[in-house]
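Following the hints, complete the assembly by docking chain B onto the known chain A.
One letter stands for each residue in the lines below.
Number of protein chains: 2
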Amino acid sequence: MKLLRIDLTNKKAEFQVVPQEYAALGGRALTSKIILDEVDPTCNPLGKGNKLVFAPGLLSGTTAPSSGRLSVGGKSPLTGTIKESNAGGVAAQKLARMGIKALILEGAADDWNVLKITKDGVEFVDASDVIGKGNYAVGEILRNKFGEKTGVISIGPAGENKMSAASIAVADMEGRPVRHAGRGGMGAVLGSKKVKALIINDEGAPGVEIKNKEAFKEAAQSFSKMLLAHPVCGQGLPTYGTAVLINVLNEAGGLPTENFRTGRFDGADKISGETMYDTINARGGKPTHACHPGCVMRCSQVYNDDKGEYLTAGFEYETIWAFGANCKIDNLDAVAKLDRYCDDLGLDTIEMGVTLGVAMEAGIIPFGDHEGALKLFGEDIANGTPLGRILGQGAEFTGKAYGVTRIPTVKRQAIPAYDPRAVKGVGVTYATTPMGADHTAGYSVTANILKVGGYVDPLKIDGQVELSRNLQIATAAVDSTGLCLFVAFAVLDEPEALPKVVDMLNAQYGINLTLDDVTELGKSVLRWEREFNKKAGFNNAHDRLPEFFQEECPPHNTTFDFTGEELDNLFAPIESEVLAEAAAGKE
Amino acid sequence: MKLLRIDLTNKKAEFQVVPQEYAALGGRALTSKIILDEVDPTCNPLGKGNKLVFAPGLLSGTTAPSSGRLSVGGKSPLTGTIKESNAGGVAAQKLARMGIKALILEGAADDWNVLKITKDGVEFVDASDVIGKGNYAVGEILRNKFGEKTGVISIGPAGENKMSAASIAVADMEGRPVRHAGRGGMGAVLGSKKVKALIINDEGAPGVEIKNKEAFKEAAQSFSKMLLAHPVCGQGLPTYGTAVLINVLNEAGGLPTENFRTGRFDGADKISGETMYDTINARGGKPTHACHPGCVMRCSQVYNDDKGEYLTAGFEYETIWAFGANCKIDNLDAVAKLDRYCDDLGLDTIEMGVTLGVAMEAGIIPFGDHEGALKLFGEDIANGTPLGRILGQGAEFTGKAYGVTRIPTVKRQAIPAYDPRAVKGVGVTYATTPMGADHTAGYSVTANILKVGGYVDPLKIDGQVELSRNLQIATAAVDSTGLCLFVAFAVLDEPEALPKVVDMLNAQYGINLTLDDVTELGKSVLRWEREFNKKAGFNNAHDRLPEFFQEECPPHNTTFDFTGEELDNLFAPIESEVLAEAAAGKE
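Which chain is which? The protein sequence lines are A and B, in order.
Using our numbering, you'd call the opening residue of the first sequence number 2 and step up by one each time.
Using our numbering, you'd call the opening residue of the second sequence number 2 and step up by one each time.
So here's chain A without its partners, still in its complex pose:
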């Protein structure tokens, strides 16, 4: 495999041999290491000094089930930290089959480009036919131009306007821009380089080499069976998608409502996964749909409007929560339209839902006003009015513009869909992950709420730091394989699942990894990310939640009651090699 380095300033590109130290890295491990090695941590994230790295995971492009995740890394304009944001869709598998281990975009062009990536290199294509357009139109124009089978990665007007909430859309199998590297404003970084889209054309690609085909096949099939046998991976996700969590979190009192005032929403039933399922079926949509070939969990869906016309897809729990409970909007069609706006304008739904809640807190529109909300997206954000530019910069920025102090962010990134006072393990992750508030970085909801991989009482502080630490390590490793994070449900419950992942890696690369090596990889990734952040100006003071989480959250009336020292203890044993080895000995 090769690195494909693209210099936008000089419009040049070249394939490079993969340095030995990158050979065993993929996905997040590779994007984070390249960014640490090549980017000045104090650089302006929108300046020529920042880089944007796209890397398929180690298993992407193979027949490993659900292994088509794409990692996108750079310095985040939202958080100022290192960032790995990952997405499904078809691009990762195509890149891997073309033998591209990572695309590295550097510098910045003077005029807008579409980059056509083939097995032979890069073509810089004039972008004037797609500039200013939303992701749906961009995808249609580019597929007409370059062929239906082409994988499209693109930004909408939000990325062009360098909004810190801008995402990078990755088209799904039907060419819809519904899978996003959403978090951290990576769309603004792509926009700053003047790249509107990448065309991933894998015609004539050699495919991924598998050293030991039989062993790989056996491991992949076993792993696939384990996924299908697990109640969450094999039943819950394919049936209801992630939206199944609305009722679960509401019941648990951890569904943040009215800008994180309470943990229960009166209108939860109207926006639940079960309601969504019935609505989709009644309107001829698809409750179950895969975002990339070979996914067995198929958590996506196609949501039609009340006339039976396609409205949106990839409609997630976090999106429904963000615009729904968090903004007190109990109208599922309105939430679906807001999701569609985010996909089309190219915005992170979590950041924007929390931003909308803060805008409501500021009195720009009242809580529950779904028509006002749609107008803010369709008129202000789409057209880049001053108000749209405020909102597009995210929750912290919006709160600051209006003097609001109730802003649910960590490291300037919006806190997602699980109240940290009622699901304390995930609160620990929000506070400490190098990514800024991010549930996927250490999804303690598993043991706190779903009772997957054991049980840790969500309302107590005991055991949460350890839980979050172990999940953050495991996640950093999983994010490097290209496997969808949702495989973790099976991995946490089924002792034979992780060995199968190791077997697949060993069979593919002809190596001899152990389970410990995987853990060590996860720790290394976290250390690299923390090292970048420290050099970028972060210290323990940033690993904290906003002070309003000291207020009690109904219905449990709990607070986020960890001391700073307890939170700081999360990374202490990982950061020191010596301590890390000692800790590994204890596990």
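Treat the hints with caution; some may be incorrect.
Since the list gives no way to pick out one identical chain from another, each pair is judged satisfied if it fits inside one copy or across any two copies.
Below, simulated SDA-like cross-link-like pairs (lysine to any residue); rule was C-alpha separation at most 25 Å, straight line [claimed, not checked]: (1) 376 to 386; (2) 536 to 569; (3) 536 to 570; (4) 535 to 566.
No lab work stands behind these hints, which were simulated from the structure alone.
Chain B alone, transformed into the frame defined by chain A:
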């Protein structure tokens, strides 16, 4: 003397005995120490956890010349650092004469207040007659209500709207709101506590106790003579005000022009101190005017419009530079109107001039468009439109909203009127001071350009770190005395001046300070401020200039070429007590 602690949440106030460790502190030393001792560095600056401290200097209220400076301290909503912002006007002397060593505002009220401060305590007065009004109207209404002799401290609409560029206005002897604690958004902190104004009524005040009156009188008179004998303090400032620097910096190639693109402005002559002097005289204004009783340098002035009507006063070099050269506006009347808007709306002129330059960079209005600029202030900022709310949050915020990367800030505070590539010593101060970019924190322009206190070549890096270090230490001490920083010109050139300051302090308090004690006080203040900042989340990565200062600046085509290590070396010897003592031994 007493501390007067005002709890806005419960509308209670009480006089408190001054703790022994605060006895020798005043001004900046006292505000910074109280903030370090009492405020959680990770708090939201606009939340109830922040405090706002007003402290007259150690010599304020006495007959020491030019000793009426007021320090205002808190955690800054602009920078996130500790902040001491200081201002002239009459309030400091009145507070000192009332025996108030510091006013400490804590918590936050639910409704707007005017605080009437007398020797007997605090009265919470309904503010409905002044809410929403500009500082000029507020001053008029409150003086009509409380008497012409009353000292008024107030915020304009910017502070009410919690804009990060909001200042706190301190009325001068004529009751005009033209002296401001400008930097760092302290007006937003006062606004967050729902205090629109403070009335400082010193009727029946006992005055400042002087232990040794004869010695004090002798020292004060000698010091006064030295000020009057110095060419800058006794001639330059009283004649032309600070605006004399326009031609000086333009000549030196250090007058930042067009958002810091070059160091010379074609239109400099039209906005120079000399032109201002002629204009003022031709229109019947006052070229020379003191901001508080007993100032011998009288650098203020009264600037009338072309009909001979009062337009503005306290019209500084930095203001004229910020809206003038920096925005390529060569119309002095337009700049005066922008200054008036800032005074009335309650905004820092440096932050807003740099913000306007960034807005021009973003293409909101063209460079040089003074009519467009006036409209942005009169319509957008005054009315709090979304665009006004962006601009009112300062330069970094505005740049971010529009995806601009050429943003001249350090720690999110706008870089002032001296290009750091052509006046490298002050660039070192911008990078390293705990305050965010602030020329007054270590005014190396003295030795770099004015050849006061020696000469250090402004275009070379040699000696700049030491120069800035020594000035930062001295400034922290001067800011604690209540003396105007401009006494530094005489102090740097006249070896007998600083001993007279020490004599005044010793005579007033009946103590035995040495010159070394004054230096040690300065170092202590810097250490306290750095300690707060570290706990607030700052590290060396924040002590850097934006990357575009690596571009060459005409006419000298120099860059800001210090290494990070060189900059970090500034505080290293101060931060360690041992090293500090060693360094003191060498001096």
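Taking the hints in turn, this is what the structure says about them:
For the identical chains of this complex, residue 376 and residue 386 are neighbours both inside a copy (12 Å) and across copies (17 Å), given an alpha-carbon limit of 25 Å. Taking the shortest alpha-carbon separations for residue 536 and residue 569, both the intra-copy value of 18 Å and the inter-copy value of 13 Å come in at or below 25 Å. Taking identical chains as interchangeable, the C-alpha atoms of residue 536 and residue 570 lie at most 25 Å apart whether they share a chain (20 Å) or sit on different chains (17 Å). In the homo-oligomer, the alpha carbons of residue 535 and residue 566 lie at most 25 Å apart both inside one protomer (18 Å) and across protomers (16 Å), since each shortest distance falls under that limit.
In summary, the structure agrees with every hint in the numbered list given earlier.
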